[in-house]
Structures are given as structure tokens and as C-alpha cells.
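Trainee: The lines below spell out each chain.
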Amino acid sequence: MRLHSFHGGLHLPGHKEMSMREPVRPAGIPQTLILPLQQHIGEPAEPCVKPGQRVRKGEVLAHASGYVSVPLHAPTSGRVVAIEPRSVAHPSGLQTACIVLEPDGADSWTELTPRGGDYEQLDPSALRNLIREAGIVGLGGAGFPSFIKLNPGSASITTLVLNGAECEPYITCDAMLMCERAVEIVSGALIMRHALHAEHCVIGVEDNKPAALAALRQAAGELGSDVEIVEVPTIYPAGGEKQLIKTLTGKEVPSNGLPVDIGVVCHNVGTAAAVYRAVVHGQPLIARYVTVTGHAVANPRNMEVLIGTPIADLLHACGLRAHVPHKIIVGGPMMGFELRATHTPVVKTTNCVLAASEEDAATRSPPMPCIRCGECAAACPAQLLPQQLYWHAQAKDFDRIQDYNLFDCIECGCCAYVCPSNIALVHYYRYAKTEIWAQEREKHKADLARERHEFHKFRLEREKAEREERHRKKREALANKSTTDASKKAAIEAALARVKAKRGEARPDVTDGGTQERSAESGRADAPLDHEDAKS
Amino acid sequence: MLPSTTLSSPHMHGANGLTRVMLSVIFALVPALAAYVFFFGWGILINIVLALVTALASEAIMLRLRGRPALPFLSDGSAAVTAILLGMAIPPLTPWWMIVLGAMFALVFAKHLYGGLGYNPFNPAMAGYVLLLISFPLEMSTWAAPSTEAAHSLSMLESIRYSLLGTLPNGIMLDAVSAATPLDTVRTQVLLDKSLTELASTGTIAGRGWEWVNGLCLLGGLWLVSRRTITWHIPVGLLAALLTLSSLFYLVDAGRYASPALHLFSGATMLGAFFIATDPVSAATTPMGRLVYGVGIGVLTFVIRTWGGYPDGIAFAVLLMNMAAPTIDYYTRPRVFGQSGR
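Residue numbers (my numbering), protein chains in the order written: chain A, 9 to 544; chain B, 841 to 1182.
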């Protein structure tokens, strides 16, 4: 297979061997499991259990609400103790609604419906439903519900790409998964390919993982599948979705577009293994591999962790060296975020907990002014001009910054890594993106308000027009009446005149009497309308 | 817990730093500097010391006046690079106060009044140089004669005395220690309507001493390119433009136009191409833009050298292209990933 290269990127120190010395082992059942209702992009799941209720392992705790949503399952058997806001792994220490589960230690499964190998008889939409009901989201980090990405709609998919690049330093959970569960990954890939009707399936793995490559090749051979296992050069961010697709297919995902636009769908290898378990064994997504590493833990390793396990438990299990100054990073050192409180739980997208000492993540020296050296642009895999983006973000020139394609930034951190002036460039882009989103929300709100106001004005005018129309009709009707009754009127007027004449009080304006009468009448007709106006 | 100075990812940083960049530049200048001293005496070194002291003092005073922390900015090495480049551009036999004036103007007016490091639209060293060139054209075009052909070469002490007091050793006239530069000679010859072929240009290709200085600047520059302190675009654009234009005119009339070798290896060509024009702050920044910027300087240099009022044109060419840099950047934006070519 001919590989293609993408612009920029970095050769980073990997630090991967430190967490790959031991085989993966289960982290065990913690004292409490904290299960955020939102562990995916989209609408949070809706709880269907009550506090105090006993649940079995794999039982649904919360249903999907809306299309972009997935259900949540009990990682072990036990009792629901609360449904309340808890701190989740988020840079701000945000609190969101969580189901708190107290395990009973029995770890007894609910009844599962394994499909075995007959998934090929299933309709792709039924398959997608199984995957959705198993609560599977992208395990690479974004957490987008996987069943949606397995629904190409009217597009025809040429290539299903499985992402096993794992380009970020320190993280090895995918590498370990590929070594230990290669058959599950390849089988999952075949299921996904069936759901997508994709022509080819390629698994891209960085060439610094020879063991994973060998295991996948062996698995593909054993299964007699034509899934291609491709070695890609180790260069950060080779595992970025757009970069991996470019490397493997030579095609670029359009700016503001999706891979499906070029007939490609990309999933993480972990997601494939989860799909296999969901379809063949009927198991929902309740556990995942997590790397716990960094120089601030004594035994860096990978563990199979129940979703909801507090991060502090993992750090404890790996021997956190509390006396070593450190910070806890969730994710890798390039794209992860720093955690302030470690009682927050592992969620479906948690791939790595990095206990970073000064050796892993040195304290940055204070930033200096940008000298426009262009190192950032040379390193940018999205071919942007990071320094111009920085300039416009600083100036809060949000129109211009979008002109420079801010939203094509994947926040990989290459620019900030190479910056000789030590500027936290990505932070500026996040700030600008957030501001622009906020402005768009404001604008949307303002647009709605303006629409409402304009409709209000329009309604008032329409009512006024209707009222005038009614008056006009009424006047016309009266006028018609007065012309048809003209002779009668004339007779009455003549009679009145005679009476007046008799009284000797003949008045010049006597003929106006009819008009006065009419206006009084129309005045009455106005009254209910005025009343209506008052109401509005 | 570590003090959290990193607001968000990435939490790793490469070894690259401003001081490292500036020190590489200074390091790359050392061989050329040695050649300067060897061929043109101690004057250049005196220039550099005077410029360094003035530049660092001006930087410190301006930082204080502007309420900025002095240490990180003084230690970044940018003022030192400006001072060294200025010192190398000014002729070896120049009175001390001119150098002090030039260095002060470079740091105070061309750098700090525009906002300091990273904000100056013009190359500070060239701004200082041009101020001196247009204010004191006579002194600024009196170069020391190459030691190999001077009637007398000044010792270090004699050079210092000349710089500070303006006095030469007894019995020695300024003419004995100074000489016209090759580019100057070319200019004079052309003005006198003499053919350049009879120009007894010393040295092998571009004037004794000058070819060495330029060759070593080229060497240092290539080293900077090889370790990616600078990119190849500006030097290649500049030298290619200069080579093309000078070859073209030389082929048409070798009697009236200087040879490409003289253009490339004389005057400030290599110093300009690799060390002055590549000042990132005032140059264009996109790859394509840098190429255009380099070509622009090359063309302007040739034009000024050939038809302008000054023997060398690098400084003016750099300043003129500095003005064009933002516009060049705007029109040479690279294609963004996932967009069809613009």
C-alpha cells in the first residue's frame, strides 16, 4: 500500500515502553462507581432507575434521549445509592448529573442476548441498533455515538479506517488492546464493514508498535479476512482522524466536512473491539483499557477499568508517589487536560491518566513575544498559520481569525510545542473558538428576538389593516343601505323638516343628521376592537 | 502539586527557545567575524563591543521605562544580535559616537518605540545603519584596507585610540589604512565611464578579504539552515535574484556591469542574505512569502548597487521589503488542509 504524508507534525519522545512492561490486568471493583449521564457528545442519557434500586451487571441505568445519545449500563451488580450532581473529569471541575452505584461484590450479570457469528444475517440498521443499545461511543477520545458514524446514509463508503496509530506520547491502551485482543478488533472491524457496506477495511498502526502489528496480522490471517494492517510512520499527530485518512488514502477530508464526504469512515480500534463484544457476546460497554503512567507513579501500567471507577483508585493501585511534585493529566501530554480533583470517575473516553512529574511536563517558562519565526506554521498538520491566528485571537478580531480558518485547527498542540517564545498558542485558539460560539449563540438569540419583534409589528399592522378593512366594508354596507333607502330617508327627512318647520325652528344643518347617526354607529363598531387592542 | 502555569494542553514543550535561536545566530557569525578581524583589523571588534554595550544599556533603560521585566528580555539575546549585526555593517574605522548613536537609534527608535521585541516593523540593525549612512556618508564609506595590501595595519591599541580619539599613530595618514571597497570601486569606475574589465580587482573573485568574509557568512548561514534556525527561502530567493539579474547584465555588457561573483561575494551580500534579511520579526513569514521577500531584496539590491546613489544596497533593500512584508504574507497564505487550491 502506498502511503501519503501530511504537512508538519513532530517527532516526539514516546515514553510508551514504561507502561507496556506488564500485561493488562483488571483494576477490580471499587467501593463506589460514579457514572455521569453524559459520557458522549450529544444529549445526556435519561435515568430509568431509582435510588435504592438493585441492579445487575450490564443492566440499563439510563436510556438514550434523542438521536445523538446512547444508554448507560451498570458496570457491575449493586445498588443505586444516588442520582445527583458530581464532579466529573473536566478541566473546570464541572459537576454534572451522575448515577452513583454501590457494588455488591457479586458481579452477577444480567441476562445477555449474544448473537454469535450470525450478525451477517442482520440488517445494517438492526446492527446499528445493537451497537447503540450497548452504549458504544468513540473510544479514541471524542466520544461521538458510534452507531451514527456507522450510518453512511446515501453516501457509499469505499474505506473503513480503523485508527490504531495512538500517536500521542505515554498512551498505550490501544497498543495493549491490539496485542491482547487482536481477534476482537479484526472481528469488530468486519462487523463495522458489514454495517457500512464498505469496500475495504484498513487498520493503521504506527511503526513503533511492532508487537501490535504482528498480533493484528496474525488475527487477520486466522480469521481469513482481507482486512489490511498498515504500518504508518511514527509522527505526531498521525493518529488525528484527518491525518490518518490522508496517510492511508491520500485523500483530504474537506475543510468543514466529514470523512464520509470522501467515502471514508474512521473508528478507533477500541471501538471495534467493543462492537465485537456487543454484537457477538451481547455485552454492553462497561469497561475499558486505561493507561496509568508518568514518573509520579511507581508502577505505570495498563488496566481494564470499570467505567465509573474514581481516578484516585487507579493512581493508588499504581503507587502514586505523593511526595513527588506532580500534576494529573487526563489524556496525553499533548492534548489532555489537567485534573484538579482525582475523585472524578473514569468515563468511556478516558484513555490515559498521566501522573506527570517535572520530568514529564516541565513547568513552562514565562511566555515571550512572538517573533514570527514561523516554526508553528512549519509544524501545523492542518497547514494553518498559527502565529496569525494567535495575533488575531489576541486582537479579538474574530472575523479575521475565521478568515484564517481557525475552525480547521485540531488543537494537536504542535505549534505550542515548537514555539521558541513559549506561547500557549492552543489556549488562545480555544478562547477564540469559545468566544465565537458564544457570539453565535448571542446572535441567534438576538435574531430570534428581532424576528419576534418584527412579527409583533407585523401582527399589529395586519390587525390594523383588518380593522380598517372591516370599517371600510361596514361603511360601504351603510352607504349601500343609505342609497337603497334613499327614498325612505328622504321621506323621513321631509317629515322631520315638516315637524321642525311646524315648530318654527328650521335649522340649516338639518340634513347632516343622518351622517351624525352613522358616525355614532361606527363608533360603536370600533369599541370591541379597541378592547382587543388593549388585550394585545 | 506543581504550580499550574500551563493553562491547557500541550503540557510538553520542545527544547526550542528564543535564547537558543539568538545564540545559534551569534555562533554562526563567529567564523566570518574572525575573517573580518584578520583582513580588516580590530576595528570591527571595537565596533561590536561599543554597539553591544550601547544596545544592552538602551534595552535595559527602555524596558525600565516601559515597565517590563528586564531579565527575560535582556537575556533573550535579541539586542545582542542587533548590536553584532550593526557592528559588522559599520566600517572598521568609524568614530565611537557614531556607533553609539546607531545602536541607540536601533534599539530605542526602531525597536522599543514600536513595542519592543516582536513588534518592530523594520529591522533595527538596518534602521540604525541607514541612519548613519545617510547622516554621515563620508565616514560610512571609508573602509579599512585589507591587511594584506594596507601600507600599515593598526594594532589593537592603535585601533581603539582611533575609534575613541580619532588620532592615528604619528606619520600615518588615513589613506594609508583605508581603501575603497570593491563595490565602491565599481561605482566610481562606472561613474567615470571607465570599463570594468580594466578594474584590477584584487583577490580571486570578489576582492581580497571580502570573498573570505562572504564565504564564511555563507558557511555560517548554511549551518543555520541545516539546523533549521532559519529556513532556506529568504537566502535562496535573495541570492537567486541577485545571481540572475547580475548574470543577465554581465552577459550583455561585461564592461559596464559587475560580475555575478562580485555581486554575490562582495559587500554585505551573504551577511544580508543569511543573517539580516532572515530576521523573522520584520520579514515575511509564510514559506512562499519568504521566497518573494528574498527575491524582492535581491532585485532591489541589484538596482541600488547598479543605478542607485550608494555602493551597496542591502540595507535599503531590506528596509523597503520590510514595509511590504505584511502584504506579502496576506497574499501568500498556504492552502489549508482539506481546501482545494486557492
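Hint data in this document are derived by calculation from the structure and do not stem from the laboratory. Treat the hints with care, as some may be off.
Okay, the calculated beta carbon distance ranges per label pair [unchecked claim]: (1) ALA457(A) <-> ALA855(B): 50 to 58 Å; (2) LEU953(B) <-> GLN447(A): 29 to 37 Å; (3) ARG904(B) <-> ALA349(A): 48 to 56 Å; (4) ASP215(A) <-> ALA855(B): 21 to 29 Å; (5) GLU239(A) <-> VAL1143(B): 49 to 57 Å; (6) LEU896(B) <-> ASP411(A): 34 to 42 Å; (7) VAL893(B) <-> GLY265(A): 53 to 61 Å; (8) LEU953(B) <-> ALA457(A): 40 to 48 Å; (9) SER373(A) <-> VAL893(B): 25 to 33 Å.
Going by beta-carbon spacing under 10 Å, a handful of chain A positions derived as facing chain B [stated by the list, open to error]: (10) MET28; (11) GLY258; (12) VAL261; (13) PHE345; (14) CYS388.
Residues on chain B that point at chain A, a partial pick, calculated with CB under 7 Å [as the list claims (entries may be wrong)]: (15) SER848; (16) MET852; (17) THR1028; (18) VAL1121; (19) THR1125; (20) MET1128.
Just so it is clear, CB atoms sit at the ideal spot from N, CA and C, and this is done for glycine as well.
Trainee: Against each hint, give a clear statement of whether it holds in the structure.
Mentor: Results of checking the hints against the structure:
no.	hint	in the structure
1	ALA457(A) <-> ALA855(B): 50 to 58 Å	holds, 53 Å
2	LEU953(B) <-> GLN447(A): 29 to 37 Å	holds, 35 Å
3	ARG904(B) <-> ALA349(A): 48 to 56 Å	violated, 43 Å
4	ASP215(A) <-> ALA855(B): 21 to 29 Å	holds, 24 Å
5	GLU239(A) <-> VAL1143(B): 49 to 57 Å	holds, 54 Å
6	LEU896(B) <-> ASP411(A): 34 to 42 Å	holds, 40 Å
7	VAL893(B) <-> GLY265(A): 53 to 61 Å	holds, 58 Å
8	LEU953(B) <-> ALA457(A): 40 to 48 Å	holds, 47 Å
9	SER373(A) <-> VAL893(B): 25 to 33 Å	holds, 27 Å
10	MET28	violated, 19 Å
11	GLY258	violated, 13 Å
12	VAL261	holds, 5 Å
13	PHE345	holds, 6 Å
14	CYS388	holds, 9 Å
15	SER848	holds, 5 Å
16	MET852	holds, 5 Å
17	THR1028	violated, 40 Å
18	VAL1121	holds, 5 Å
19	THR1125	holds, 5 Å
20	MET1128	violated, 11 Å
Hints 3, 10, 11, 17, 20 from the earlier list are contradicted by this structure; the remaining hints agree with it.
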